[in-house]
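Those protein sequence lines, which keep their order, are chains A and B.
Those letters in the first sequence? Residues 8 to 104, by our numbering.
Those letters in the second sequence? Residues 84 to 370, by our numbering.
Hints listed in this document are in silico derivations from the structure and should not be mistaken for laboratory results.
Among the clues, some could well be false.
[What the hints assert, rightly or not] Label pairs and their computed distance ranges (CB to CB): (1) B:Ala92 to A:Gly47: 19 to 27 Å; (2) A:Tyr43 to B:Pro276: 53 to 61 Å; (3) A:Tyr43 to B:Leu101: 26 to 34 Å; (4) A:Ile92 to B:Ala104: 46 to 54 Å; (5) B:Glu121 to A:Phe26: 48 to 56 Å; (6) A:Phe27 to B:Pro276: 53 to 61 Å.
Source: prediction; values computed, not measured.
Every residue gets a Cβ at the ideal spot worked out from N, C-alpha and C, and that includes glycine.
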Amino acid sequence: MENAAFLSWMAWTWPTAAFFLFIFLCLVGMSVWEYYSPGGTPRHGILGLDTTRGDRLFISLLGSAFIFLAWLGLVGTPLWGPLAIALVYAFAVFKWV
Amino acid sequence: MNKTVNQKAWFFVLPVVLLVAFNAIIPLMTVVNFSVQETFGDNMFFWAGVRWFEQVLQSDRFHAALGRQILFTAIVLLIEIPLGLAIALTMPRKGPWVSVCLVLMALPLLIPWNVVGAMWNIFALPDIGLLGRLINGLGIEYNYTRQIFSAWFTMVLMDVWHWTSLVVLLCYAGLVSIPDAYYQAAKVDGARPWAVFRYIQLPKLKYVLTIAILLRFMDSFMIYTEAVVLTGGGPGNATTFLSIDLQKIALGQFDLGPAGAMSIIYFLIILFFSWLFYTLMMKDEAR
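Just chain B, same shape as in the assembly:
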């Protein structure tokens, strides 16, 4: 059979190519240019070669920030994905409660990120915040501005509160789209709820779960606003994630060269993991 060749479709892709060029490729090229030079401002640049890459890759500060970032993302994914799936499974599929649940679930997603940070900052204060007072009232010493564990606990709790809804909504959309015939067939065969979940719902949710994991991975790996408003990277450097460290180097110290090198390394890590997740999850689907 002869394949129809029609190259006109490329013209429809052109606007998006131009948009991506301006908002992603040109800035990325600039970062690459910065990463091999030294500047003292005023558009004066001096060639530095790969020195900044060496410096960043061999620095303990970068290793520590990367370690914290990976730990945070792992914790957040391990909590949000199963929790989101569980909530989506318990939500009603029909009736008046559907809209109520959906609106309630969407609420955290509608709040601007800096407001989320500010809300949790006050909510968790040990002296006047509701959460802080409550935990201290239970006899547990809790102060996220001084204790590392408390800071991490608050950070994870905030992220779970803010973003589990996204996983819930995605999984819910996936669940609703499963035709009733599957459930009827399962009922005829006398399948238990676990079997229905394992052999009908989970396989059907594969695509949305892929998207949920990808989105949550990328977002949590790039977390900045909420974290900087909540703890500012403290106590000490305990919650200084990659993006906060990057901001300190780029805008705090105005070291554009090392910041450029760090941005590229950061970008490559995200690109690699996104590719890996996507490839692993789509592997069986291709056949």
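Here chain A stands alone, though its shape is the one from the complex:
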């Protein structure tokens, strides 16, 4: 019962739970990737920054958040457009940054 009270206080919804699960799986995925194929020393990318894979994940996630916010502020819903942009952006970050 206490568990249920705790969860109702946190006001969980399925979409937000899925969101956090996605972040968690990203971290797990990165750990597994690093374990089987270590990324090695930081790489010097096109922005002139030395980044590891973890840095690139952080830049991807933070940048994606701002892509979604900018879309919501300037255009509004639906959000398929920013989703596509964010995926392309994340790919580019992992490839070149």
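Put chain B on the given structure of chain A with help from the hints.
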């Protein structure tokens, strides 16, 4: 060469992970949950999607508060960082005056934030406050409860008084840690004081200045207590910074949904700027 693999160190990190989970991650998750729902209290929540984000991002009220916040932080950083550095450079490195200076510098930092606000509130009152009477006595019309410029002036002055010490102490610690050999070498080469500052002290202070700018950026961007006690966001909305506006929405109007959305946007802005400052300043260091 084979790398030694020892994963036991992770256990030492565990307590801090648990602590951060309880004081940061769980509250943050809750805010995310609030930001997509509507509530009328009593733990009754209704799905609202991204409506609150749209509402906040497209509202003039949010844009205005964000603009004021950025302006305030920029002014405060532009004054406190050079001033703190300058004071640290003039402080004695040896002798009995060191402790006196350090204690004097630390004093403003020891005062609780609401007391700082209350002190300046009374100190700057135009009719009975020392500062207010003095400025008015000089023939300059000054009333921070009615004039926007006076309110901003008082707010900036209060923040500079309260927080420049932090920059001073950090820079001083950095300066003291520079070995004497550098200064001796500079003396042998006949370097002028400006060259000593530019090529020895400033590069050596890079890390502490990074930390000082980061701390002052985050703190001034989240300023709440002092501002709310000093002006309460007024006159009108002239000093309603993001945190004050957020508090009004969350606790004044009890709009948890929009407040949640605003908190997340606020958090992302701080996260972005902190990352940016840190990355830019550490960029050359990595090589």
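Evaluation of the provided hints:
1. B:Ala92 to A:Gly47: 19 to 27 Å: Since Ala92 of chain B and Gly47 of chain A have Cβ atoms about 20 Å apart, the given range 19 to 27 Å holds.
2. A:Tyr43 to B:Pro276: 53 to 61 Å: This hint holds: roughly 56 Å between Cβ atoms.
3. A:Tyr43 to B:Leu101: 26 to 34 Å: At 28 Å between Cβs, range holds.
4. A:Ile92 to B:Ala104: 46 to 54 Å: violated (32 Å)
5. B:Glu121 to A:Phe26: 48 to 56 Å: violated (18 Å)
6. A:Phe27 to B:Pro276: 53 to 61 Å: Holds, at about 55 Å.
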